[in-house]
Structures are given as C-alpha cells and as structure tokens.
Amino acid sequence: MSSILLEARNLSRDFPAGHQKVVHAVSEVSLQIGEGETLGIVGESGCGKSTLGRMLIRMIPPTSGDVLFRGKAFSEMKETEFHPIRRQLQMIFQDPYASLNPRMSVRDIIAEPLETWRVCSGKEETTQRVLELMRDVGLPGEFLYRYPHQFSGGQRQRIGIARAIAADPSLIVCDEPTSALDVSVQNQILNLLRELQQARGLSYLFISHNISVVRHISDRIAVMFLGKICETGPTEKVFSAPQHPYTKFLLEAVPKPDPRKRAETTALLQGEPPSPIDPPSGCRFRTRCPYATERCAAEEPLLKKTTAGTEAACHMVS
Amino acid sequence: MEMNTLEIRNLCTSFFTEKGELKAVRDVSLSVGAGKITGIVGESGCGKSMLARSVMGLIPHSGRLVSGEILLNGRDIAKLSQREYCAIRGSEISMVCQDPMTSLNPVMTVGKQVEEAILLHNDVSGAEAEKRTIEAFESVGIPDPDKRLKSYPHELSGGLRQRVLIAMAMVCKPKLLIADEPTTALDVTVEAQILRLMRKLCEDGTSILLISHNLGVIAQTCDDVYVMYAGSIMEHADPVTLFESPVHPYTRGLMNAVAALNRNEEVLETIRGVVPNLLHLPAGCPFSLRCDQCGKDCADHFPEMHSVGPGHEVRCYLAGGKEEA
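Protein sequences appear in the order of chains W and S. Residue 318 is where the first sequence ends in the numbering used here, and the numbering goes up by one at each step. Residue 325 is where the second sequence ends in the numbering used here, and the numbering goes up by one at each step.
Just so you know, these hints were derived from the structure itself, not from any lab. The beta carbon of each residue, even a glycine, is placed where N, CA and C say it ideally should be. Check before you lean on any hint, since a few could be wrong.
[As the list claims (entries may be wrong)] Here are the simulated DMTMM-like cross-link-like pairs (lysine to aspartate or glutamate), alpha carbons at most 25 Å apart as the crow flies:
1) W:K261 with S:E181
2) W:K256 with S:E265
3) S:K200 with W:E252
4) W:K305 with W:E7
5) S:K200 with S:E92
6) W:K21 with S:E155
7) W:K261 with S:E92
8) W:K256 with S:E266
9) W:K304 with W:E7
10) S:K36 with S:D204
11) S:K36 with W:E7
12) W:K72 with W:E7
13) S:K200 with W:D258
14) S:K173 with W:E264
15) S:K200 with W:E264
16) W:K261 with S:D224
[Stated by the list, open to error] FRET-style restraints, in silico, Cβ to Cβ:
17) W:R260 with S:N264: 18 to 24 Å
18) W:R295 with S:V267: 44 to 50 Å
19) W:T266 with S:N264: 20 to 26 Å
20) W:M316 with S:D123: 53 to 59 Å
[Unchecked claim] Partial pick of chain S residues on the chain W-facing surface, computed with a CB cut under 10 Å:
21) L22
22) G33
23) S44
24) M56
25) G57
26) L58
27) E84
28) A87
29) V188
30) L215
31) Q220
32) E266
33) V274
Excised from the complex, chain S in its bound form (with noise of 0.2 Å):
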C-alpha cells in the first residue's frame, strides 16, 4: 500500500491559561492518504483549527504543542525548530485559510505574493517566478492571469480572491494542501466552484486536509471523514458509512439535525445542551453531558476509538466497546 502522506498519531496540543490548561486538541490521531480529500468536521471550538495549525506549527504563543508525532511523508515534524519548519511550510505543506479577505497583504498586487512564495523555496529568476505565478493563476481558473496580477487583493471579488490564495498554497507543488473552511465565507454558486477545484487538485496528486463544520461540504468533497468532538477524534468512516449508519450519538444527532431541515419537519431535532466549556471538560467522554445514552461508564472513563467495521472507528463505549467486552 502506498504511504500515507499525512499520519498523525496521539497529537495534543494545549493553552497554558491563567485558569488552568485548555486542552484543543486531545489525543488526535488520523491519516490523510496520498491523492485523497480527509475530511474533519466539527462545530466551532472542536479543535479543528488548532489541529491544523499544529500541523503547520503555527500554534499561537500561549499553546504548545504538548505530545504525539506528525509524520508527513514518514518523517516526523513536529519536533523541527521553527527554522525547519519554514523550509517546509509553503514547499512541502500549505494552508489556505477561511478569510480570504485577511489572509492577503493588502498593499501588495497579488501577483506579488505569490511570486514571493516561489522565490522563497527555489532559485529561480524574477521572470521565471511571474511566468510560474501565471500559470498558477491558470489552472485554478482566474480569468486573464497576466492582467490579474497587477491587481490589489480589493479590486478582486472574495472569490477570486480565495483562488489567488489557493494558486499560492499550490505554486510550490506541495503534498499537503490544508483548507480550513475554505468555502465559509462565500456564495453557494462560488462554492460550489471552489470545492470542483479542489477536487480537481486532488486528482492532479496532491493530498488535501479540508476542515468544515458543514456536512453537505463533507458529504460532497471527502473521501474520508473524521468527526471531531471537543478536541478529539469521535468516529472516522467513509463517507457513505458516516452519512447513512453513524453510529456515535453526536455524530447521529448532527446528522438528524441536518436531515430533519432538509425534510422539513415541523419540530426540528437538535442536540440538547451546549458543547462544554474546554476548561472544565468531564473526565469521561466529552459528550457525555449532551448525550441521551449516557452509562455508568461514560461519565467517568474516557472512551478508546475502537474499530466496528472495516474504516470504521467510534469512541464510544456503546459501540461495541467496553460494556460489552
């Protein structure tokens, strides 16, 4: 079998507060296969942006990366200096972030910024950098490419914008593109653009992480998925499996809240209660507090993933765990 291009194993990450150690992301571990679209979705505080930022080692100053590897391509980088990581970042791996709008310097024509990224990662002339950033603005579709690169991020629509920051995560043909949100902030019709795009990436090779809290975008786009709870892993499946027989509660109340909507039942169902504070999580399953089958066990022993079927892993005692072992 071909190598993973992104493997994480057991990877925590935590704030250090005044109040006490806030764990985002707890005990993560997943892969991203090579030429593949993995899904993560969550709501908003479930970690998935601090998982991602832990992978381009961008993690904000109050938190640190406390255990676990990030094996991109078998090699361990989460212990690189921040110097190493720079060599990398950009070349190897490359983010693109939700706001198009704040993620672009604004006093430098976009053609600019993407040429800083070639030049940063190859030695390569000025000219030869403005013909790559062309053909990058190319191929991710933005109409007259050569024109376009005089222009300021403002004279660009926020999709158009949103392309310009995929052509520089891709210039460097990196085998790890990370998309966080990257459709959160536009239109459904240049949504529905942007996510043919990146399928279309995938299948030119490259392997890409897309985080989203919405299902339809998961349901469209991924090959994989794994569903995030207040900061961990809750079950991982294909999404046929994930979308028709979830078998963690969150994840079938997520998926009920969703499909009721598009039933139209007159009473929508929803998940009780609110996600837990991440300061104050309860020693047992994280969503044990919100969870309508909530056992003895549950509330006070953190549940394992274990497989039920083939690609299928919960964490969750009542999926064939514990109780029953």
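Isolated chain W, as found in the complex (with noise of 0.2 Å):
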C-alpha cells in the first residue's frame, strides 16, 4: 500500500438514547487509507457506517480513540491548528436535494469553498475557476447562475462534487453519493468519480449499501456490523471468497440481475441486525449467525488474518 493519508484508532462514538440509555454506533473500529486510495464501507442501515465517515473527517468527535492525518492526531490538535486540514478532507452527500442550499446559484454554491480558502483573487478569477470545475464535473457553463431546483437530481450530485474538489482536497468521504440516483445516471457519477480520482489522486472513503457499487470503485472494502468492522481486505478477494458468515450471507442476499439464477432455495438470513443500544455479548453478529456456539457469546472475536487473504473478526475462521 501506498503511504497512509488517514488512519483511524480504536475508534468508538456513543449516543445518548435518553433513560440513561446508550447507542453504541461505532465501536473500536481501526482502518487506514492510502494516498489515491479507495476504501469502500459497505453495511446495512444503522451499522454505523456514516458516523464513521464523520469521525474521520472531524465533523463529530469519537467518544474514545483517535483519527491521524498524514501521521497527526487530531485530538492533539486545536480547532485553529485543524483548520488548514480541514480543506483537505470534503465530504460529498447522499442527497443531491438536501445538500445544495436552494438559495444560491451553481455560482455562488461551488465558489464558496474557493472564497473560504482565499483559492483566487477577486470575483472575476473566482468566477472562471468556478467554470473550469463545472467542466471538469460536465455541467455546461451556461449554467452558472442556475439555482438548484432547476437541475435534476445526477447534475444536482455533480454540483455536490465540484463543491468538494474545488479547494483540491487529498480525501472524500462519499457518504452513498449514487443512493438517490436512477441506475443509468448512477453509472456517469461513478465513472465522473473515477475519472477525478485518476486525475488529481483523490483519496475516497466511499460508504454505501449498495454492494456492487462498492465493488466497482473501491480497492479494499470493510464490511461493517453493528458499529464494527468484521471483515475487511483487498475488494476482489473478499468478494471471490468471503470469510466472514456475515459477509456470505450479504453477498448472497443482493438480487442478481439473472433470471435464470434465482435463489429461491438458497439459506436466507433470519431476523434483522439487533439494536445498538444493547449489543450482543460476544460476538454482535451471533444472534443472527447459523453457526454461533458458547464461545461467540463469551468471547469477542478480533481482526485476524485469514487464508484468503482478508481479516475477519470470527471464531470459525481460519
């Protein structure tokens, strides 16, 4: 792997829930990324996955644990001593609708990053580098006093990401950024990601549920449960042959555009992933699990490393 660009410790993020109650969103989760590297986040809904992308980039604090930048802590760090990093890590969001202010121009909405961190000098050459990222995104520059309600929703994303480039930052988080979008629109924003990346050497931290979008554009992917990682490594060897019970039964349960494949007989998995307000003792995947023994409730599994070449956090794998 290349040199790291960020890494996360230990990191954990609690809740209050109110009676004294606590979610445990995230929990001790370790991972680092590489320069011009994508690490693909992939886990059902309330696994903690976009509480995770938000620690990383410092837009909420970990509860315990830390998060380095280029070899830095950010808990040693002040606001003020943040700041100049702050440019580097951007974030694109899952809803093109929510996230543009619909009270600004195309203009006015990407230039702000560039006003912020005084890119250019005076309004004319802020204007023009504005032109040149909505080329770069493939908006047409006859858009650029346009306000958001009269795009549909891929231009409205691709708005989002010339946001999020336009003060050339190193990281992305891309919080489900094609969610919203149909499949044929969905193909152009991943392939306008793929293209920035190849041309700037972005990193991404590219969270989604959709498992073959995941696959497609990252490099290593860690698959998440209830607020822990529980299998991660290089995309093509954790998809050829998953370790984890979690991951298979996951892999499994996507539809396959095949008719002729159906799974009709194929082992589902049972139930749906518990709270995390009280977590299973052990291992939090054993409630559901087919396989769980004594040992799984008594004992946590960690990260090891497994014949297939990826790390998975279960007893049964060797």
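Mind docking these for me? Both chains are given alone in their own frames, and the hints should help you get the complex.
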C-alpha cells in the first residue's frame, strides 16, 4: 500500500438515547486509507458507517480513539491547528436535493469553498475557476447562474462534487453518493468519480449499502455490522472468497439481475440486525449467525488474518 | 386459458397543471395472469407508481383517468364511483407501499390496524377479527403474532412493519396485490426475506403486480415483465428473454448499465442525457432524445407496440416495425 493518508485507531462513538441508554454507533474501529486509494465501507442501515465517515473528517468528535492525518493525531490539535487540514477533507452527501442551498446559484455554491480558502484573488478569477470546475464535472458553463431546483438529481450531484473538489482536497468522504439516483445516472457519477480520482490523485472513503457499486469503485473494502468491522481486505479477495458468515450472507442476499439464477432455495439470513443500544455479548453477529457456539457469546472475536488474504472477526475462521 | 386477474387496456392518466397536461400514464395496456407475479420496471418519474394508483382508484386530485379500461376479473373498475371503489379496495385489490414507516398509523397498535381492514369488509365479531389477524401475522412470518398485535409501529423494525403491511393487504384474500417498491426501504438481507414471502403468496394463488426500479428484484421474482419509460410501456417479455435478448434501445441501455457494474468494467456504460420532462415530451418516441439509433420516423411519430416473438412486444420502429414493413 502507498503511504497512509488517514488512519483511524480504535475509534468509538456513543450517542445518548434517553433514559440513561446509550447507542453504541461505532465501536473500536481501526482502519487506514492510503494516498490515492478508495476504501469502501458496506453495511446495512444503522451499522454506523455514516458516523464513522463523519468522525474521520472531524465533523463529529469520537467518544474514544483517535484519527491521524498524515501521522498527526486529531486529538492533539486545537480547532485553529486543525483548520488547514479541514481543507484537505471534503464530503459528498447522499441527498443531492437537501445538500445544496436552494437560494444560492451554482456559481455561489461552488465559489464558497474557493472564497473560504482564498484560492483565487478577486471575483472574476473565482468565476473563471468555477467555470473550470463545472467543466471538470460535466456541467455546461451556461448553467452558471441557475439554482439547484432547475437541475436533475444527477446534475445536482455533479454540483456537490464540484464543490467538494474546489479546494483541492486529498480525501473525499462519499456518503451514499449514488443512492438517490437512477441506474443510468448512477453510472455517470461513478465514471466521473473515477476520472477525478485518476486526474487528481484523490483518496475516497466510499460509503454505500449498494454492494455492486462499492465493488466497482473500491480498492479495499470493510464490511461493517453493528458498529464493528467484521471483515476487511482487498475488494476482489473479499468478494471472491468471503470468510465471515455475515459477509457471505450479505453477498448472497443481493438480488442478482439474472432470471436464470434465482435464489429460491438458498439459505437466507433470518431476523434483522439487533439494536445498537444493547448489542449482544461477544460476537455481535451471533444472534443471527447459524454457526454460533457458546464461545461466540463469551468471547469477542478480533480481526485476524485469514488464509484467503482478508481479515475477519470470527472464531470459526482460520 | 384462465382469465387474467387484471387486464389494463389503453389506460391514460393525466395531471392538469398550470403549465398544461402532464401525461403520467400514456396508453398503457398490460395484463397480470392468475397466480403470477408481473413486474413493472422503470426509473423514477416514469409513471409506474401513478399506474398503480390508477388501478387502485387513488389518483391525486389534480389528476384524472382520461381514458382506458381496467378489467379486474373481467369487470371494468375504471368507471366505478368512489363508494363502489371502497367496497373492492382491500377486499379484491390491495396495495403495499414503499415506505413502511409512513404507511402505518403511529397512534394505533398494528393489530387494530389490521382488524380495521377485516371489520370493514366482513361481518364478523371483534374476537374473530383478532383471530384472523393472528393468522395473517403468522402467514407472513411475524414471530410471536399474539404479542406483536399490541405493538405500535415505532416498536417494530422496518422489515416487521413491511410484513404488517403485507398482512394487512392479504387479510381479506384479495385477488390482486399491487406491491409498489415493497423492498426499496429495506436492507438487502431483509429484502431477500420479503421477496421470498412475495413468491410464497403467489404460489398460494394471489396475483401480484410488482413495481420496482431494481432489475435484480425483477429478475429474481417476476414471471412477466413490462419496461416503462416516460409514461409508456416500451417492452414486454418474460424475464429470461428480457434480460438475455432485450430489443428496445432503452431496455438494452438499462441492462448494459447494470451488467457493466457487475462485470466491473473500468468505464461503466450509461444512457446519455436525462429523462425528458413529462410536460414537454417529444412528439415521437419519448426515448428518441437519448437514443443512439434514432431514425427519421422516431422523432415525429409515436411508435406502436408490435410483436417480435411469442409474448415479446416492443414499442420501437427499429424492431421489425414500420420501417421494415
């Protein structure tokens, strides 16, 4: 792997849930993102993948653990010291309708980071730069003074991407960037993200529940279940030989677009994810796992190397 | 041959807005065979939900069913009054919506909500209604049905709420179930459970009209598929034919877009452009603006459906239509 850009060490985040209860959204997650690399995070809703993404760019502070950007720990930095790093860490949101200010023109939306970071001198240079960014993301220049409601979902997502790359960041957290889009438009956005990565050497943390999208775009992936990483490794290794039972069921459950391969008799995962307020003891997946034993309830499995070249957190895996 | 449960003929539903007539459903004909799952696939805004609501008699106020017939077991329900519709809605046709969070009443127990449907259509006692509710919960795989009866919607997970809605829809044993994106709000492992439940309902004799934007869901469950674009049906075939030898350029584009993702190609195939505004549809084929093979007829004349094989129909001039005739 190339040099490490961002590293998470034992990151945890709890949220109060009232009545002295606590939601353990993310527990003890460690991961690394290399320069120019895409790390995909997959998991079902409520598994903590968005919370993790937000902690990595210091949008929310962790309860415990730390994040390191090029070796420097967030916890040791005051907000003023962190300020220049903020520019390096940007985000693209899921909902292209809610993440753009409806009362700002496209020019003002994309110019905002340029002005915040004083990238350009003067209004004219800023507008020139906005036009270049619009061209880079495939938006015609004549849309400069239009407002978000005049665009389709895919075009709005392009505006969000232009805003994210405006200040020349090194990492973009993409939180379900294609989930609100139709399949033909989704592919346009995925192509654009890949082009921008190649041209600018960007790193992505790509969060999605759509497994085929994550597979396409990621170099490595981490599968999350109830706030923990249960399996991680190079994308093709995880997909071709998943080791953790949850990963296996998850990949099996995706409806395949092939009517000749109907999953009418394959075993399905029963039940639904348990509550993160009171997660099961030991392995968090054990209540849904058909292979669970007494050991799984008593002892929490840690991530360890498997023979398939991935890391999995399961007592059954060798 | 057995009579089709649902037969729609030349259905048009429009909205009359300040900017003119918006044709949400445009000359749609389709049939749902008895005990079959018939799928409608299309992207957002293609009119698939409005088609479902037209069949249910639940078109929003600014819209109206302009023309066409909706035959439910041979009886035209398109011209029923609201009062007559109320008698068949829930008993003969019923619907499951996309969002199980907003389709349930938050201040009523789920048991009461299901009993309401029973008491409305059947002359039975409250105790009998409760008994039938428990049976309905059991049949859709809700664990501990007698306890779940007393739960409020917020106490249930998304998958359980969707099962409650399916139980509610099925409790009066309707002939036709319309499922509008029933798994879109659910996680994949739960989606797989609900899809299997749909197949089970179908094997028990219910005809299902399944609406989805997800080609994977359609491939896994349907016996017959219609592809919809900008309010019109573009192609109709059995799933194997549709997925392996699609004819319409739009269907081919969709299939390529999905297949490219699964083959993990470097640059993914896309369909250029965006879905046209339904207020300003082109005079000819609605797909002509995005079609790479658009010919001279395509831009000016709305193509008819024509047959290209057994049970395979396409609305395109290039598919053995006018140009070759």
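Structure-based check of each hint:
no.: 1; hint: W:K261 with S:E181; verdict: holds, 21 Å
no.: 2; hint: W:K256 with S:E265; verdict: holds, 17 Å
no.: 3; hint: S:K200 with W:E252; verdict: holds, 20 Å
no.: 4; hint: W:K305 with W:E7; verdict: holds, 19 Å
no.: 5; hint: S:K200 with S:E92; verdict: holds, 19 Å
no.: 6; hint: W:K21 with S:E155; verdict: holds, 16 Å
no.: 7; hint: W:K261 with S:E92; verdict: violated, 33 Å
no.: 8; hint: W:K256 with S:E266; verdict: holds, 20 Å
no.: 9; hint: W:K304 with W:E7; verdict: holds, 18 Å
no.: 10; hint: S:K36 with S:D204; verdict: holds, 10 Å
no.: 11; hint: S:K36 with W:E7; verdict: violated, 52 Å
no.: 12; hint: W:K72 with W:E7; verdict: holds, 10 Å
no.: 13; hint: S:K200 with W:D258; verdict: holds, 20 Å
no.: 14; hint: S:K173 with W:E264; verdict: holds, 24 Å
no.: 15; hint: S:K200 with W:E264; verdict: holds, 10 Å
no.: 16; hint: W:K261 with S:D224; verdict: holds, 16 Å
no.: 17; hint: W:R260 with S:N264: 18 to 24 Å; verdict: holds, 20 Å
no.: 18; hint: W:R295 with S:V267: 44 to 50 Å; verdict: holds, 47 Å
no.: 19; hint: W:T266 with S:N264: 20 to 26 Å; verdict: holds, 23 Å
no.: 20; hint: W:M316 with S:D123: 53 to 59 Å; verdict: holds, 56 Å
no.: 21; hint: L22; verdict: violated, 17 Å
no.: 22; hint: G33; verdict: violated, 16 Å
no.: 23; hint: S44; verdict: holds, 6 Å
no.: 24; hint: M56; verdict: violated, 24 Å
no.: 25; hint: G57; verdict: violated, 28 Å
no.: 26; hint: L58; verdict: violated, 24 Å
no.: 27; hint: E84; verdict: violated, 37 Å
no.: 28; hint: A87; verdict: violated, 36 Å
no.: 29; hint: V188; verdict: holds, 5 Å
no.: 30; hint: L215; verdict: holds, 4 Å
no.: 31; hint: Q220; verdict: holds, 4 Å
no.: 32; hint: E266; verdict: holds, 8 Å
no.: 33; hint: V274; verdict: holds, 5 Å
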